[in-house]
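Participant: Here is how the chains run, residue by residue.
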Amino acid sequence: MNKAKKWVDTFLLSLSSILLIAMVVLSIWQVLARYVLNIASPGTEELTRFMLIWFGLISAAYVFGAKKHIAILFLREKFSWKTQLSQERLTDMLVILVASVLMVFGGIRVVILTSAQMAAATGIPMAFVYLSLPLCGLFVIFYTIHGMLTNKITGKEEVGV
Amino acid sequence: MIAIAGSVLFISFILLMLIGAPIAVAIILSSVLTFFTVLPFDVALMTSAQRMITGIDNFTMLAIPLFVLAGIIMNNGGIAFRLVNFAKVLVGKLPGSLAQTNAVGNMLFGSIAGSSVASAAAMGRIMGPMQQKQGYKKTFSAAVNIASAPTGLIIPPSSVLIVYSLVSGGTSVAALFMAGYIPGILWGLAVMVVAFFMAKKEKYPVSPLPNIKDILYIIGSAIPSLFLIVIVIGGIVAGIFTATEGAAVAVLYSTLLAIIYKGLKWKDIPGILKETIEITGMILFLITSSALFSLVMSYLGLPAAISESLLSITESQTGFLLIMITILLLAGTFLDITPAVLIFTPIFLPVAQTFGMDPVHFGMILCFGLCIGNMTPPVGSALFVGATVANVRIEQVIRPLLPYFAAVIIVLLFVTFFPQLSLFLPNLFNL
Amino acid sequence: AAEKSGAMELKLAHNQTLDHPVHISLVEFGRLVEEKSNGDIKIRIYPNAQLGSEREVTELTQTGAVDLAKVSASALEAFESDYSIFSLPYVFEDYDMFEKVMNNENVTDKLYNQTEGMGFIGLTYYNAGERHLYTKNREVNDIPDMKGLKVRVQPSQTSVQMIEALGGIPTAMAYGEVYTAIQSGVIDAAENNETALVGNNHGEVAKYYMYTGHQIVPDMFIMNANRFNQLSEEHQEIIKEAAKESTVFHEDVWAKTVQEQTETAKNEMGVNFIDVDKSPFIEAVQPLHENYSNNENTAEIYQLIQEAKKDE
Ligand code: NA
Ligand code: NA
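Here the protein sequences line up with chains A, B and C, keeping their order.
For what it's worth, the working numbering labels the leading residue of the first sequence as 3, then goes sequentially.
For what it's worth, the working numbering labels the leading residue of the second sequence as 365, then goes sequentially.
For what it's worth, the working numbering labels the leading residue of the third sequence as 2, then goes sequentially.
Hints are computed from structural coordinates only; laboratory data are not their basis.
Check the hints yourself; a few may be wrong.
Unchecked claim - Here are the simulated lysine to aspartate or glutamate pairs, EDC-like style, with alpha carbons at most 16 Å apart: (1) A:Lys70 - B:Glu759; (2) C:Lys241 - C:Asp110; (3) C:Lys37 - C:Glu242; (4) C:Lys257 - C:Asp20; (5) B:Lys638 - A:Glu79; (6) A:Lys70 - B:Glu639; (7) C:Lys208 - C:Glu242; (8) C:Lys311 - C:Asp97; (9) A:Lys69 - B:Glu679; (10) C:Lys311 - C:Glu100; (11) A:Lys69 - B:Glu642; (12) C:Lys208 - C:Asp276; (13) C:Lys111 - C:Glu297; (14) C:Lys137 - C:Glu94; (15) C:Lys279 - C:Asp20.
Unchecked claim - Far from chain C, some chain B residues (derived; all Cβ distances over 10 Å): (16) Ile375; (17) Gln414; (18) Leu573; (19) Leu590; (20) Leu616; (21) Pro634; (22) Lys638; (23) Tyr663; (24) Gly683; (25) Ile691.
The beta-carbon is built from N, C-alpha and C at its ideal position, and this holds for glycine as well.
In isolation and in its complexed conformation, chain A is listed as follows:
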């Protein structure tokens, strides 16, 4: 199980990293294209936006695995260890519920609904863009089940920006 998690971690991190670097390169290309080469590249912005969607959801799934989504824990920490543990399990169930019903099931419904839709500038099928949601839902489910089996608990709140 831990091996599987490591594998998924590496996969998601690599994919996110590649997307992040590609988005940096494309954004710089866009500036260059405009000033140096005098080309309008209407597809670049659209492509970058779609990469951002994939990047955002894949990274979000990874952050579920790392248990680093911001939560407010100072109240929970006032309770006994046992109560805290059951709150954590309840939270895990809710995460699985959201991921399976909304992200996976709802996401697939949306993919089907948008199957005929094409992006304006690049012609990329919108279904491909929307596919990121159910896929990331699956990873979230995987991580949460893994966390429950290995009895992981969310630590002190992670500090954001």
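Using the hints, position chains B and C with the ligands against chain A.
Facilitator: Just chains B and C with the ligands now, kept in the frame of chain A:
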């Protein structure tokens, strides 16, 4: 109907947060539950799933991971130390000169790195040991560091302001960036004024200034770092590139700088990317959940209802602003800045607009007010990090923080009731 | 309240402000529906992009979260390629021709019903103006004047090809950045209807407005297909009639707005309005017409439009 749906929304949201669910999950789940009360199951589900995607589908939003990445590269790139030396030259003759240097260092480094956490950590690590050697109390040093660290969130470039731009329906990022300078610098100055009196009382020493040759060297080596601000902010304000492209330029520039300064190695890159992915994965997911949350609110007509009931309490703009500031300060004690900006903008902005307030000025009040929460318990990232690096307990630093807290609130009142503090620079540049 | 019990509420979303002509016409649509149905149907309007961008509200209309939406024809291109025909420059030589085509049932039946399988149908269109070229400081009367002109275009291939065909340099950028970009000289020109001069203050930085009329891209009024089909025949008729009447009503509101704003741009901002001979422009974009008439996705609608133009 709207009352029932509204209650479902807020009660489920608060309950979920109380049991410690991730805030993004609490936002999504309460939104979907609320949709179920007004729409057929299938429609509610598809609508929610769609908004989870379209909520990230925005080119400006790319600026957030890019600025975070640039900040992390800077943080690894030996830039903080050069800026500290530069700050020392600027304010070294004031009482408590090392504390003053810490505050200015936070304004400079935080401005570039765009993160109160990175800033508090970097400055605390560099300045803490120096201050102890000169006999400063640990709690005093920590308080100055914590109180000044959030200035980098207001002084551009700033992810917080980009988040506000997105959630307020596309307020100009360039205008918000220019608006951030005066309030952000006033915040830093307020901290320095308090530190001035505290240091005088404690009779902390004034450090000797380095000789002129060293000063010139220090200024020279800080210039490339400071030049980043000129390129990025200048480019955005002049309309040469967008905020997003500016952020990409910042990544490029900081990478080059890090290679030159410290020999950024290939092996450092995975760590830098991982840190960026962790922070932005969290932020982007929050943003997209909030897009769903605000869709549900608009669909029910809640902002209008809230706005009406606020206006029934007070009809004056001053009254509304005082109520809003109070709510923001309270919320900021336990909510992190990004989720708070996402939650409160759609609630308060429509009211502000009925008073004809400028969305740039309003955004500055909102972000400034919420950033103050960064230094307050129980949840405050600058507080946590600043106390940790100074090796003091959070309880110890609360009392020394109080005068700074008061001073910053006074600045907030100025920012609120003198719109020109926010609008002067954007107007000057025709933004 | 005095609300009629059992009154049906239809939700209508659009992205314009409360003082925009199309909002006024949509309010009129609501009034007409309520009047004609004796209060059986009420229309609730969500203005100001409260429920999201045009693509988002189109999707909300698909799922049925909203019943009605006003979106630009260009936003519908992604859903149905027929709508891309409006991006084709000079597919209508002038507004009269546009009106004639848009009132031809062969064209509208194809356009409006094509998307039923995707969950929505078209009800009517609203005049959203003719797009003209405006520059910072250069008068453009003929194709040679276009040479080297950096023009901001909408992010679509057709718009890019149009500017290239006319000899200019297309530059893709977000609409919100156009003002600063013209001011700083990053671009020389942009193209839009007259309301951009006053509504977006572009008249402060762009002083020449040429009536090139290269595109006429209407706003489309769409409805969730299931919702429409579930209505009684009588109610369906009422919706259709009210939609048509509001389109006619809108022509006046739009014309008045354009006239007022043109006066303001002329007198208060010092913008020069210039009539140009369209024929060299029309000729220059002919290769694009060939693309459209040869492309299998657009050939049929292109043909229908050409036939509708010839109709007496
Ligand atoms: Na900053
Ligand atoms: Na706090």
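Participant: Take the hints in turn and mark each one as holding or not.
Facilitator: Tested hints:
A hinted pair counts as satisfied when its Cα atoms are at most 16 Å apart, and Lys70 (chain A) with Glu759 (chain B) does not qualify at roughly 25 Å. For the given pair, Lys241 (chain C) sits about 13 Å from Asp110 (chain C) by alpha-carbon distance, which is consistent with the 16 Å threshold. For the given pair, Lys37 (chain C) sits about 9 Å from Glu242 (chain C) by alpha-carbon distance, which is consistent with the 16 Å threshold. With a C-alpha separation of about 13 Å, the suggested pairing of Lys257 (chain C) with Asp20 (chain C) holds against the 16 Å cut-off.
Simply put, Lys638 (chain B) and Glu79 (chain A) have alpha-carbon atoms about 28 Å apart, too far for the 16 Å limit, and the pair is violated. A hinted pair counts as satisfied when its Cα atoms are at most 16 Å apart, and Lys70 (chain A) with Glu639 (chain B) qualifies at roughly 11 Å. At most 16 Å may separate the alpha-carbon atoms for a hinted pair to count; Lys208 (chain C) and Glu242 (chain C) exceed this at roughly 42 Å. Among the hinted pairs, Lys311 (chain C) with Asp97 (chain C) is consistent with the structure: their alpha-carbon atoms are about 13 Å apart, no more than 16 Å.
At roughly 45 Å between alpha-carbon atoms, Lys69 (chain A) and Glu679 (chain B) are farther apart than 16 Å, so this suggested pair is violated. Distance restraint check for Lys311 (chain C) and Glu100 (chain C): the Cα-Cα separation of roughly 13 Å lies within the 16 Å cut-off, and the hinted pair is therefore satisfied. Taken as a hint, the Lys69 (chain A) and Glu642 (chain B) pair is honoured in the structure, with Cα atoms around 10 Å apart against an allowance of 16 Å. Of the pairs offered as hints, the one joining Lys208 (chain C) and Asp276 (chain C) holds, with about 14 Å between alpha carbons and a cut-off of 16 Å not exceeded.
Of the pairs offered as hints, the one joining Lys111 (chain C) and Glu297 (chain C) holds, with about 15 Å between alpha carbons and a cut-off of 16 Å not exceeded. For a cut-off of 16 Å, the pair hint linking Lys137 (chain C) to Glu94 (chain C) is broken: about 26 Å separates their Cα positions. For the hint linking Lys279 (chain C) to Asp20 (chain C), the alpha-carbon distance of about 32 Å lies beyond 16 Å, and the restraint is violated. No Cβ of chain C comes within 10 Å of the Cβ of Ile375 (chain B); the nearest lies about 23 Å off, and the non-interface call holds.
Gln414 (chain B), annotated as away from the interface, has a beta carbon of chain C within 10 Å; the closest lies near 5 Å. For Leu573 (chain B), the requirement that its beta carbon stay farther than 10 Å from each beta carbon of chain C is met, with the minimum near 41 Å. No beta-carbon of chain C is positioned within 10 Å of the beta-carbon of Leu590 (chain B); the least distance is around 23 Å. Separation of Leu616 (chain B) from chain C is adequate, the least Cβ-Cβ distance of about 20 Å exceeding the 10 Å criterion.
Distance check on Pro634 (chain B): its Cβ is at least 33 Å (rounded) from any Cβ of chain C, clearing the 10 Å threshold; non-interface status holds. Distance check on Lys638 (chain B): its Cβ is at least 31 Å (rounded) from any Cβ of chain C, clearing the 10 Å threshold; non-interface status holds. Its beta-carbon lying about 7 Å from the closest one in chain C, Tyr663 (chain B) breaks the requirement of being farther than 10 Å from that chain. With a closest Cβ-Cβ approach of about 25 Å to chain C, Gly683 (chain B) is found to remain outside the 10 Å limit, as its non-interface label requires.
With a minimum CB-CB distance of about 22 Å to chain C, Ile691 (chain B) clears the 10 Å threshold, and the non-interface call stands.
Consistency note: the structure conflicts with the earlier hints numbered 1, 5, 7, 9, 14, 15, 17, 23.
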